[in-house]
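Engineer: Given next are the chains, with one letter for each unit.
Protein chains: 2
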Amino acid sequence: MFKILHKNGNARRGEFHTVHGVVQTPVFQNVGTLAAIKGAVSTEDLKEIGCQVELSNTYHLHLRPGDKIVHQMGGLHKFMNWDRPILTDSGGFQVFSLAGLRKITEEGVKFNSHIDGRHIFMGPEESMQIQSNLASTIAMAFDECIENPAPYEYVKNSVDRTTRWLERCKAEMSRLNTLDTTINKNQLLFGINQGGIFDDLRVEHMKRIAKLDLPGYAIGGLAVGESHEEMYHILDVVLPHAPEDRPRYLMGVGTPSNIIEAVARGVDFFDCVIASRNARHAFIFTKNGTMNLLNNKYETDPLPIDPECNCPACRNYSRAYIRHLFKAKEMLGMRLCVLHNLYFYNHLMEDIRLAIEEDRFEEFRRESVEKLAKRI
Amino acid sequence: MFKILHKNGNARRGEFHTVHGVVQTPVFQNVGTLAAIKGAVSTEDLKEIGCQVELSNTYHLHLRPGDKIVHQMGGLHKFMNWDRPILTDSGGFQVFSLAGLRKITEEGVKFNSHIDGRHIFMGPEESMQIQSNLASTIAMAFDECIENPAPYEYVKNSVDRTTRWLERCKAEMSRLNTLDTTINKNQLLFGINQGGIFDDLRVEHMKRIAKLDLPGYAIGGLAVGESHEEMYHILDVVLPHAPEDRPRYLMGVGTPSNIIEAVARGVDFFDCVIASRNARHAFIFTKNGTMNLLNNKYETDPLPIDPECNCPACRNYSRAYIRHLFKAKEMLGMRLCVLHNLYFYNHLMEDIRLAIEEDRFEEFRRESVEKLAKRI
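Those sequence lines, one after another, are chains R and A. Under this note's numbering, the first sequence has 163 at position 163, and the numbering climbs by one with no breaks. Under this note's numbering, the second sequence has 12 at position 12, and the numbering climbs by one with no breaks.
Excised from the complex, chain R in its bound form (with noise of 0.2 Å):
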């Protein structure tokens, strides 16, 4: 299902088959938490801008519209129209991260909604029937993603519970791809590497779920407070231990430089909202750095964002032009921000690929790594 197509040192070069098609790895996955993504952006837009995978919430979508409004549609891909594979957080993160008052026990997570407050529980199987629900191409492991920094003794038991919830995921899901009322029987699932900032943690939560055997495995709980120096270093002491014929997805990473760092390292798939979020106010990835349009040095700049860009903005609208969108709170603006940053994020893979297809992907990342970084 994986195959690996090329090795640069350890970068990656590789093919994700599916039954929404193929993905060429490395990736980044476009983040449209609702099954939209933010800034106006429709999937006709994705394919424009070279989106080959969708990631949508598990959390968000069982609180609205509701996974079984989205089952009664067809499934995500029906219901937003999009044809490629499509990958499903799990919830946990969000239940961690967004809801209120929440209480861990071995069967899963009470917790709050954090929109009208009700009542929910969700553990290994809700999350997997939910995932089931919205038909994803891959569906993401129910885990419990932990606060850094927090105690060794805490993060141990958090793993192995994570771990027993991985196999209850695992066996829940192979039950509901042989129901008739599935729509994608063929749903895959990636297990989710934790263990904090813990190096003996990790390795060892990576050989127990390796077990499993499962399609992908996802290095989870990074980017949530540690420092990059601390990211690279779980990186290089947890992959090693990953089955090397399976694709490796880094949760919730990163800037263009820490996915180039990441790459080097072995990673295969990656996921950030900073490519939208940070357009809808302005903040613009270039290949030769950032940029704040607010600043006032464009407000009669005729260029584009980037003069040699190729996104729908950077065709047709200048700096000045978009600014002002801005200055006027015209929604238009992050729109246009928008598809520029994740035209910039698809291309920066696909640059990505290239260079380790050509053998110079160390070249490439001693060239990238600072220029993608400064402030311009």
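Careful: at least some of the hints might be erroneous.
Calculated pairs, SDA-like style, for lysine to any residue (alpha carbon to alpha carbon, straight line, at most 20 Å) [said to hold, decoys possible]:
1. K68(R) <-> N295(A)
2. K327(A) <-> Q72(R)
3. K47(A) <-> K7(A)
4. K7(R) <-> A223(R)
5. K68(A) <-> K68(R)
6. K329(A) <-> I115(R)
7. K297(R) <-> K329(A)
8. K78(A) <-> Q72(R)
9. K297(A) <-> Q72(R)
10. K297(R) <-> Q72(A)
11. K78(A) <-> L303(R)
12. K68(A) <-> I115(R)
13. K68(A) <-> N296(R)
14. K327(A) <-> I115(R)
15. K327(A) <-> N296(R)
16. K7(R) <-> D359(R)
17. K327(R) <-> G75(A)
18. K329(R) <-> H281(A)
Quick caveat, the hints were computed from the structure, so don't treat them as lab data.
Starting from the known structure of chain R, fit chain A onto it as the hints suggest.
Structural biologist: Then chain A, alone, in the frame of chain R:
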């Protein structure tokens, strides 16, 4: 410049030739107050949904980003990347509806900006200068848009002043069109008929401004509180005195039925914010009537907004999905509905033009007016 291709009753099928291309009339102008269509619709989108004329606003653009900035950027066409005709409203209506603490003298109007309260003076010359900076295809005369109801004596004096202002507008535009720094030296000036709901004042004013031999004439001060019947009555009374060979523009009107009724009376140009404003509240226009997409009955409705419509929203997305977008506060919902409603308006005009050409406008009017106003 204006060519009537065919008449069917009082309805006119025409062509208005400008330096930015030919406008097929009757036409609906798509409102982009601040050089952008609200709802994240771009000028690229406008082409796809059949917009012929974009309409922006002198008052708003004078405040943000400033007409001098737009001039420096090469005019509105270049600024917003739109190569078809643009009409700019004169600011008169906004000065009288949005701005605070206004004081009218023979010279013009002193008022406070609705954004930051700063003092601004605008008279005929200032309005023409701003519109010349914006470099629109058609500039509107600076007039006083009188509240309804208003006393006869007040209206009479105001209309007299508006006539004197129009003469000053004409002189100033002639002067501006000869300057080297002027971007569009072929800018056209439309006069505006006022007179409240007083037949004699309306007729007398139209006769006086007709003598100025302007390239187009608007009916202003309607759709500001009077009934539809009063509006139609004014049209019946005034239009026989408007020059036959010049386009007539009914400002700020209206519903699909209003437009058909006005076309029947000989109106050629329209604009109205309800197409996009209603869309932003999920209120939809279709050939079979209006619908509110927030209605519960659409929660699991797999049909497009209008199964017969070929707009970008109806081609790709269901009522259930778009309703979900509104409920989830996703901007994409507004965008899709604005695209639909503007597409609907632009194509309604196409149907009107065809019905006139084929000498069946009365039949079209009879069949359409009630159906369009129905709540479905």
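Engineer: Does each hint hold? Answer for all of them.
Structural biologist: These are the hints, each one checked on the structure:
{"no.": "1", "hint": "K68(R) <-> N295(A)", "result": "19 Å, holds"}
{"no.": "2", "hint": "K327(A) <-> Q72(R)", "result": "18 Å, holds"}
{"no.": "3", "hint": "K47(A) <-> K7(A)", "result": "28 Å, violated"}
{"no.": "4", "hint": "K7(R) <-> A223(R)", "result": "26 Å, violated"}
{"no.": "5", "hint": "K68(A) <-> K68(R)", "result": "55 Å, violated"}
{"no.": "6", "hint": "K329(A) <-> I115(R)", "result": "12 Å, holds"}
{"no.": "7", "hint": "K297(R) <-> K329(A)", "result": "33 Å, violated"}
{"no.": "8", "hint": "K78(A) <-> Q72(R)", "result": "47 Å, violated"}
{"no.": "9", "hint": "K297(A) <-> Q72(R)", "result": "14 Å, holds"}
{"no.": "10", "hint": "K297(R) <-> Q72(A)", "result": "14 Å, holds"}
{"no.": "11", "hint": "K78(A) <-> L303(R)", "result": "12 Å, holds"}
{"no.": "12", "hint": "K68(A) <-> I115(R)", "result": "46 Å, violated"}
{"no.": "13", "hint": "K68(A) <-> N296(R)", "result": "16 Å, holds"}
{"no.": "14", "hint": "K327(A) <-> I115(R)", "result": "12 Å, holds"}
{"no.": "15", "hint": "K327(A) <-> N296(R)", "result": "36 Å, violated"}
{"no.": "16", "hint": "K7(R) <-> D359(R)", "result": "8 Å, holds"}
{"no.": "17", "hint": "K327(R) <-> G75(A)", "result": "18 Å, holds"}
{"no.": "18", "hint": "K329(R) <-> H281(A)", "result": "18 Å, holds"}
The earlier numbered hints that this structure contradicts are 3, 4, 5, 7, 8, 12, 15.
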